[in-house]
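Below are the chains, spelled out letter by letter.
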Amino acid sequence: MIQVLFVVLFGAVAIWFAYKVFTTASMMRSALALLFSMTAVGAMFLALQAEFLGVLQIMMMASEMVVMALFMIMYMMNPGGLAAMEMTHQKRLSIAVAVVAGLLAVGAALFGGWPLATEAVAAPAGQTRELGLEIMERSMLVFETAGVTILVAMIATTALAIRRPA
Amino acid sequence: MSVLVVSLIVAAVLFAIGLYGALSQTNLVMIMMGVELMLAGAMLNVVAFWRYLHPEAYSGQMFVLVLMTVMALEMAVGFGVATARFRSRGSVEMEEAVELRG
Numbered sequence: 001m002i003q004v005l006f007v008v009l010f011g012a013v014a015i016w017f018a019y020k021v022f023t024t025a026s027m028m029r030s031a032l033a034l035l036f037s038m039t040a041v042g043a044m045f046l047a048l049q050a051e052f053l054g055v056l057q058i059m060m061m062a063s064e065m066v067v068m069a070l071f072m073i074m075y076m077m078n079p080g081g082l083a084a085m086e087m088t089h090q091k092r093l094s095i096a097v098a099v100v101a102g103l104l105a106v107g108a109a110l111f112g113g114w115p116l117a118t119e120a121v122a123a124p125a126g127q128t129r130e131l132g133l134e135i136m137e138r139s140m141l142v143f144e145t146a147g148v149t150i151l152v153a154m155i156a157t158t159a160l161a162i163r164r165p166a
Numbered sequence: 001m002s003v004l005v006v007s008l009i010v011a012a013v014l015f016a017i018g019l020y021g022a023l024s025q026t027n028l029v030m031i032m033m034g035v036e037l038m039l040a041g042a043m044l045n046v047v048a049f050w051r052y053l054h055p056e057a058y059s060g061q062m063f064v065l066v067l068m069t070v071m072a073l074e075m076a077v078g079f080g081v082a083t084a085r086f087r088s089r090g091s092v093e094m095e096e097a098v099e100l101r102g
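Sequence order for the protein chains is V and U. Mapping of the first sequence onto the working numbering: position 102 corresponds to residue 102, and the numbering continues sequentially without gaps. Mapping of the second sequence onto the working numbering: position 41 corresponds to residue 41, and the numbering continues sequentially without gaps.
No lab work stands behind these hints: they were computed from the structure. Be a bit skeptical, because a hint or two may be false.
Computed Cβ-Cβ distance ranges for the label pairs, DEER-style [to be verified]: (1) U:His-54 <-> V:Val-67: 32 to 38 Å; (2) V:Ala-123 <-> U:Glu-99: 52 to 58 Å; (3) V:Met-1 <-> U:Ala-97: 48 to 54 Å; (4) V:Glu-144 <-> U:Leu-53: 24 to 30 Å; (5) U:Glu-99 <-> V:Leu-116: 41 to 47 Å; (6) U:Leu-53 <-> V:Thr-128: 19 to 25 Å; (7) U:Glu-93 <-> V:Met-140: 20 to 26 Å; (8) U:Val-98 <-> V:Phe-111: 19 to 25 Å; (9) V:Ala-117 <-> U:Glu-96: 46 to 52 Å; (10) V:Thr-24 <-> U:Met-1: 27 to 33 Å; (11) U:Glu-74 <-> V:Met-140: 36 to 42 Å.
From chain V, some residues computed to sit far from chain U (all C-beta separations above 10 Å) [what the hints assert, rightly or not]: (12) Phe-36; (13) Ala-62; (14) Ala-125.
Computed, partial: chain U to chain V, Cβ under 7 Å [to be verified]: (15) Val-3; (16) Val-5; (17) Val-10; (18) Ile-17; (19) Tyr-20; (20) Leu-23; (21) Asn-27; (22) Val-35; (23) Met-62; (24) Leu-67; (25) Ala-76.
Values in this document were obtained by computation on a predicted structure and should not be read as measured data. Yeah, the Cβ is synthetic: ideal placement off N, Cα and C, and Gly gets one too.
Isolated chain V (complex conformation) (with noise of 0.2 Å):
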């Protein structure tokens, strides 16, 4: 009944700080909006037993934000990303787009007839410990393409982004 609980509140957190991201008058409240509401999933990971994962989630997003944060900061055509605008674009379009798909992801989680398992999840330490395990044994070549992928892409931005003579 308590999961159930925290579940729902930081569900609902996660959900009004997503809208907020959209909604809010500038960009670096977006930026904060979406910090909460990552936090907040986090927080269901953790609500969902999920120890490991939430953690990493609150770890990972706090960082990531301060990062989206500063880039904001730095291309916004107002120093401070403070001032109000308008940015956007086709947004009937969007609305009716995203409302169909979110319906569907609904009815599909309301009607799925979804098989619940029975057993246990276990404890934190152990959780880890098969994650580790997973990692290393099962899942190692997924988990090393992942790490090879991350390398490529530092590279490739680091290209990108880099001054090019003109």
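Given chain V, put chain U in place with the hints provided.
The following block gives chain U in isolation, referenced to the frame of chain V:
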């Protein structure tokens, strides 16, 4: 209503809001925020499925790690594109990026 269904509904709403943002925003950084929200919805789905359908299969958690990697890469590459765009055009407004139009 089970916790799984509640989590899936929250994820669906996050995905829909993110989709709206990715389609409607004209600024590259705001478009990236929309994509981040969509990925967050997908991650929440995976965690809920792992917890309530297959808590014994840790490949579910592994998949969340991969999704987090995708989120970080999306941000890094997006900011790389934003930097290149800002250097060449002085703006990251995507309304002005029409050179690739066929």
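Each hint, compared with the structure:
1. U:His-54 <-> V:Val-67: 32 to 38 Å: Once the Cβ atoms are compared, 34 Å apart, the range 32 to 38 Å for Val-67 (chain V) and His-54 (chain U) holds.
2. V:Ala-123 <-> U:Glu-99: 52 to 58 Å: holds (56 Å)
3. V:Met-1 <-> U:Ala-97: 48 to 54 Å: Taking Cβ atoms as reference, Met-1 (chain V) and Ala-97 (chain U) lie about 51 Å apart, which means the hint holds.
4. V:Glu-144 <-> U:Leu-53: 24 to 30 Å: holds (27 Å)
5. U:Glu-99 <-> V:Leu-116: 41 to 47 Å: This hint is violated: roughly 52 Å between Cβ atoms.
6. U:Leu-53 <-> V:Thr-128: 19 to 25 Å: With Cβ atoms ~21 Å apart, the hint holds.
7. U:Glu-93 <-> V:Met-140: 20 to 26 Å: Given range 20 to 26 Å: violated, Cβ gap about 43 Å.
8. U:Val-98 <-> V:Phe-111: 19 to 25 Å: For Phe-111 (chain V) against Val-98 (chain U), whose Cβ atoms are near 43 Å apart, the range 19 to 25 Å is violated.
9. V:Ala-117 <-> U:Glu-96: 46 to 52 Å: For Ala-117 (chain V) and Glu-96 (chain U) the Cβ distance comes to about 51 Å; the hint holds.
10. V:Thr-24 <-> U:Met-1: 27 to 33 Å: holds (31 Å)
11. U:Glu-74 <-> V:Met-140: 36 to 42 Å: The hint (36 to 42 Å, Cβ to Cβ) is violated, given that Glu-74 (chain U) and Met-140 (chain V) are roughly 24 Å apart.
12. Phe-36: holds (12 Å)
13. Ala-62: holds (13 Å)
14. Ala-125: Ala-125 (chain V) is indeed farther than 10 Å from all Cβ atoms of chain U, at 14 Å.
15. Val-3: Interface hint status for Val-3 (chain U): holds (5 Å vs cutoff 7 Å).
16. Val-5: Holds: closest Cβ of chain V sits about 5 Å from Val-5 (chain U), inside 7 Å.
17. Val-10: holds (4 Å)
18. Ile-17: holds (5 Å)
19. Tyr-20: Holds, because the Cβ-Cβ distance from Tyr-20 (chain U) to chain V comes to roughly 4 Å (cut-off 7 Å).
20. Leu-23: At about 4 Å, which falls below the 7 Å cut-off, the nearest Cβ of chain V leaves the hint on Leu-23 (chain U) intact, so it holds.
21. Asn-27: Hint holds; Asn-27 (chain U) Cβ to chain V Cβ min 5 Å, cut 7 Å.
22. Val-35: violated (11 Å)
23. Met-62: Holds, about 5 Å.
24. Leu-67: violated (10 Å)
25. Ala-76: holds (5 Å)
In summary, the structure is inconsistent with hints 5, 7, 8, 11, 22 and 24 from the numbered list given earlier, while agreeing with the others.
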